[in-house]
Amino acid sequence: MKRILSIITILFLGFLASTTTYAQDRFPRPDFESGYQYPATHYAIPNETLWLFVDVFLLVLMMGIVAWAVIRKRTRKPVFWVSVISVAYFGFFRSGCVCSIGSVQNVALALADKSYTIPLAALLFFILPILFTFLFGRVFCAGVCPMGALQELVNVKNYRIPRSVSAVLGIFPWIYLFLAILYAITRTGFIICRFDPFIGIFRLSGDIGLLIFGALLLLVAVFTGRPFCRFMCPYGALLNLFSRVSIWRAKITPSCINCELCHKACPVDAIRAPYNNKVKESRVQGVKRVLLYTIFLPVMVTVAALMMRSMSDSISRANNDVRLYDMVQGEATPKDHPVPELESFYGAGGTVVELKERVDVILADFKLYATFAGGLIGLVIGLTLLGLSVKRSRKSYEMDDAQCVNCARCFSYCPQNKIIENKIQ
Amino acid sequence: MNTTEQSNPNPVTRRNFLRMSGSIVAGGAIASLSGVLMKNSLAGETDYFWQIDPTKCTYCGRCETNCVLSISAVKCVHTHKVCGYCDLCGGYYRTNVKDLNTAAENMRCPTGAIKRVYVEDPYFEYTIDESLCIGCGKCAKGCNSFGNGSLYMQVKQDLCKNCNECKISKVCPSNAIQRVPYAKAYILKD
Amino acid sequence: MRKAIFRNVAVVSAIFVASFAIMLITNYFQVRSFNPLQADVMETLKKINDENANNVALQEQIRQLDLMARRAYFVNLDHLKTGIYLLLAMLGVLIVCLRFYFAGEKDIPGKQIDVVDDWIIKTHARKYVGWFASALVAVALVFVFVTASHLRGTDAPNTPSTDIGQIAAVGDESTAQGESNVNQANQTRQGEENTVQGNSDDNATQSLTTIDNASDISSGFRGNNSNAISSAKNIPDVWDLKTGKNIAWKSAIPKHGFNSPVVSGNKVFLTGADESAREIYCYDLRTGKLLWTLAATNIPGSPQVMPKTTDDTGLASSTAATNGKQVCAIFATGDLLCADMDGKRLWAKNLGVPDNHYGYASSLLAFGNSLIVQYDNTNAHKVVALDMATGNEVWSKTRTDKITWSSPTLVFANNRAQLILMGNPAITAYNPANGEQYWRVDGLSGEVASSPCGAGGLVFGASEYAALIAVDATSGKKLWTANNYLPEISSPVATNENVYLGTTYGVLACYDAKTGALKHSHELETEFYSSPMIVEGRLYVFSNDGKMHIYTADSEFTLINSFETGAKTFATPAFIDGKIVVRSEEGLYCVATKK
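Protein chains in written order, with our numbering: chain V, 1 to 425; chain Z, 1001 to 1190; chain D, 2001 to 2595.
Treat the hints as calculated values from the structure; they're not laboratory data. Beta carbons are placed, not taken as given, at the ideal position from N, Cα and C, and that holds for glycine. One should not assume that every hint holds.
What the hints assert, rightly or not - Residues on chain V that point at chain Z, a partial pick, calculated with CB under 10 Å:
1. Phe27
2. Gly96
3. Cys99
4. Ile199
5. Pro298
Claimed, not checked - Each pair of labels, with its calculated beta carbon distance range:
6. Z:Tyr1182 with D:Tyr2028: 31 to 37 Å
7. D:Thr2044 with Z:Asp1121: 55 to 61 Å
8. Z:Glu1045 with D:Thr2310: 54 to 60 Å
The following block holds chain V by itself, in its conformation from the complex:
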């Protein structure tokens, strides 16, 4: 009986499949006689509003603690514990999404594309650390950011990188930032999220290449302070800007005795030793150099913009639609196995003409925004050069506010700070 039934079913199937490919109801829904009830299904949805609240609350609270510890108390302990909590909560427990670094892309996309609505979480994670940086310096970087905190926690020795080299490496975050924005606003992808080196470690899974890269980066972080924050982090580049003009900020102990301990303790090389300019160079020469670089600046911007513009076609290949178009174009060669992209494209009734129109728009976007990105990269390099050609003397130790991440290490090294701490207690 069953056999016959199944054969009939097969025949029936074959018949139906030939006529109604897209119909859902090939078989009637059965009328059960045994009183069978459909099983209740429940698909869990996490309470995102609650988590958003907790996340933002903790973010603000921890940034507040760091600001209080660094500016009022001048002590490192709370910062350390904030780091531990941040790695545990934002890192391992919340798996690192959404993070402030990635939210740059959401913001860029929201500004460029009106049809995109930015999630509140991404917005708050973007704007709150910037606000706190503007008020108190880079308190977010100190230990609230799980990536910075992780590097801070694994750091054991602090071998320093020559400042001339770190000045060059400091350009990378900007390039990364501009590229990330370029890819974000063309809806190509969020490269910051895709190439996040630490997220795999927080999740204990992920792309093996990135996991290895993250592990290597952490290994570097054991011996030198925060390589990711200083030489890669695109959000750090933004905070670097706001930190320069922050209203309140950590300062060198007022009763500084020029002992140099803090300078050597700083993991991000943000403390500048006193310096009296003794270079025998005529003033005219210095002014000439500055003038030269100033004139050179627009040239650099133009050259970089044109470079990126000519590259826009190539870099647009990361876009899914552009790739699809390439695949459609390359269809002449017989292929052994079907390409799912093409199957889906044709399966959905897509035509090459429509795709071409779409791709043309994307390519035009790429051309425009790549030009901007190139110009900005040129600008950053030019400004770096300008900054490096200004002479300035310092009478005492000074903080480089742009670089300082408020890790508060210097406080525990400062002999004078100990005295102040004792006084406060």
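Could you slot chains Z and D onto chain V? The hints should help.
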């Protein structure tokens, strides 16, 4: 520079002035940026979760291997109301199956995640054991080609890490994975 | 002492972490490269099992393998998880130990890395930034150069490689054989074309004109306009597959089909299909090399299970059509697929799965940039014109005729191009530019499979057991009917004076075009499925057994030559200057006079 600072003992040096005007610019930038973004964020309905549109899904099997998790957060779900409760189930059995038994050579699912229970003649109930499902989509493909399409792929929101950009969405050949608002965390057939 | 302990613990944990990490990574790569659940072995075994019923040993083997695969997968996953936790824990131990070990020492590097002078540092830094900027520019230049050449590579095949020599040769060709009927017919028609008025779409008429005059293109079933008259020159009149005489090349065809080859430039197109795939093939006219294959896949509405067709129809009976820029093909599934000359798919759609008890068989017709599809099936009766480049509908007309297997033809009469469609029960003429109906004449019945033809302002159509009908294409009036010999599958061809046809029971007949009187008939002990073609004043026709018969296309209808070609042939050959492209049951071959 030296000369300027020396000749001007006043605290409002050029540097301080620059810094102050910088602060004002930065403060203004933050205020206006947050204003604009807030308006944007609160105006529209925020798409929050990643979800698969079952009408677009082609069951290519990339969900299984491209999720950032070691076992994909994409699982097969079953809408019983759509199911035909067939004996010869295209999601349960391989095509051209000879005997309708649970032998390995007849099974579609590589991990045996589909449970089959006899209901009444001639109906069988199929349920997915989520702990075994690896999200390969084979059963969904079978069900959608030969049956009612009651088996299909969905992102399980309790497993999904809700990445800022879903890695599977970037390799999905049919752009079936998209952001959905809170209210539509699952796109279920009925 | 404590320091020593920390140091030792750190060293041990470091060794552990390093070796364990290597183990985990190798393990990971092993799993990645061999996913036990997706192993090919399993799939192959299962397939073998599908083919061999009740092979108990094989089934047992599959079951064992399946169990092993599942176990391997889940155990591996489990190991990976515990491995990672272990690794992390040990890493934690290592870092804590290191911290404690170095806790006594303040972070004071032994020697000063940076030179003391701030300005020298800045000078160095400027130099490095300069280097870095130039390196960036260099990298960008290399990148642009590399990718730009790659881009050009993909763009290049867009320009079709047409044989200029051949086109030039066409231009040089003198019209020395002016006395033959066919050329007169051609000239008359050309004259008519020159006076074509704004009645039909100008563009389309123009491209039609160019196609009609071209002798290096055979755009559809039975040549340009599907009218069975070719303006090709220097056509070989004898060949033999067995001895290779006058055979330029032979090629195998991957999948079977009864459709005929079409030619544009140096490319020959035909289609083939079976249960597994439906494909367009493109061959090189000069070498016979298969240039590309394009399968009709992923078409919305395309049936999963092939519609039933009979063995003498199959899934690929319809001949493709080309306008020199695009080539389109249709299959018995209703899948219509268009590609450019390089095999790049342009668009595809399913016109609705045909309900057709033999299998859909009407061929496509290229009219300028429009593709005309006669779609008379049991479940749908229509004729549609689609843009060949985009697939957009230009026009569509619902028809009242019953299921038909014949193909559309273009005829020039009354100073305009007329699209002639056979049907049951009528022959209908349409404006090919907008689908407007010009005239309609009843008189056909039964299963209409042969296609119409036209010459000298007249249109002829026939179906077996009904009649051969002649219609004045200007007035749309029926002139005469005849029923001495009627074709079933093979289609008639006409000159200004005569109508010729071949029947399934082996008779070649010649009727007077003006009166319908039977002038000549040759009874051959064979069958005619392939349609006769008129080239250079001669009538070429294949009989099913592969014999080629060449007659004078005049009122005498005398045999010029008749010879075995060596392969059964059902399709109609394509004629271009100096060449004949034939699809036989054995494959595709090209006939050309060897110099």
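Verification of the hints:
1. Phe27: holds (3 Å)
2. Gly96: holds (8 Å)
3. Cys99: Since the shortest Cβ distance to chain Z is 8 Å, the answer is holds.
4. Ile199: Interface hint status for V:Ile199: holds (8 Å vs cutoff 10 Å).
5. Pro298: With a closest approach of 21 Å, the V:Pro298 hint is violated.
6. Z:Tyr1182 with D:Tyr2028: 31 to 37 Å: holds (36 Å)
7. D:Thr2044 with Z:Asp1121: 55 to 61 Å: Given range 55 to 61 Å: violated, Cβ gap about 36 Å.
8. Z:Glu1045 with D:Thr2310: 54 to 60 Å: holds (57 Å)
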